[in-house]
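Okay, so the sequence shown: first residue is 46 according to my numbering, each after it adds one.
Keep in mind the hints are simulated off the structure, nothing from the lab.
Please note that a few of the clues may not be correct.
Once the Cα atoms are required to be at most 20 Å apart in a straight line, the calculated DMTMM-like pairs of lysine to aspartate or glutamate come out as [unchecked claim]:
no.	residue 1	residue 2
1	K61	D51
2	K69	D57
3	K80	D68
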Amino acid sequence: LHGLGDHFASLDEARKEAQENLDKAAGQDAHNYSKMLRDARLRRRQGQDDEEDLEPDDFDDGSDVVVHYEP
46 LHGLGDHFAS LDEARKEAQE NLDKAAGQDA HNYSKMLRDA RLRRRQGQDD EEDLEPDDFD
106 DGSDVVVHYE P
């Protein structure tokens, strides 16, 4: 029985580690998306982007937006 308990404990540990990795990846994705938005808005404000290539951004009120991910 001890071996069976150890087996399930190791499965639970692997699940927790996988969830932590997913949370880290989601946080990194949110950070990268936020940085991409800030860079695009900065280029747009500085006139470095071609207006024809820009998608309308209904959320650009002139302020920088930072996306935070909290699992």
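Here is how each hint holds up against the structure:
1. Proposed proximity of K61 and D51 is supported: the alpha carbons are some 15 Å apart, at most 20 Å.
2. For a cut-off of 20 Å, the pair hint linking K69 to D57 stands: about 18 Å separates their Cα positions.
3. The hinted pair formed by K80 and D68 meets the criterion: a straight-line CA distance of about 18 Å does not exceed 20 Å.
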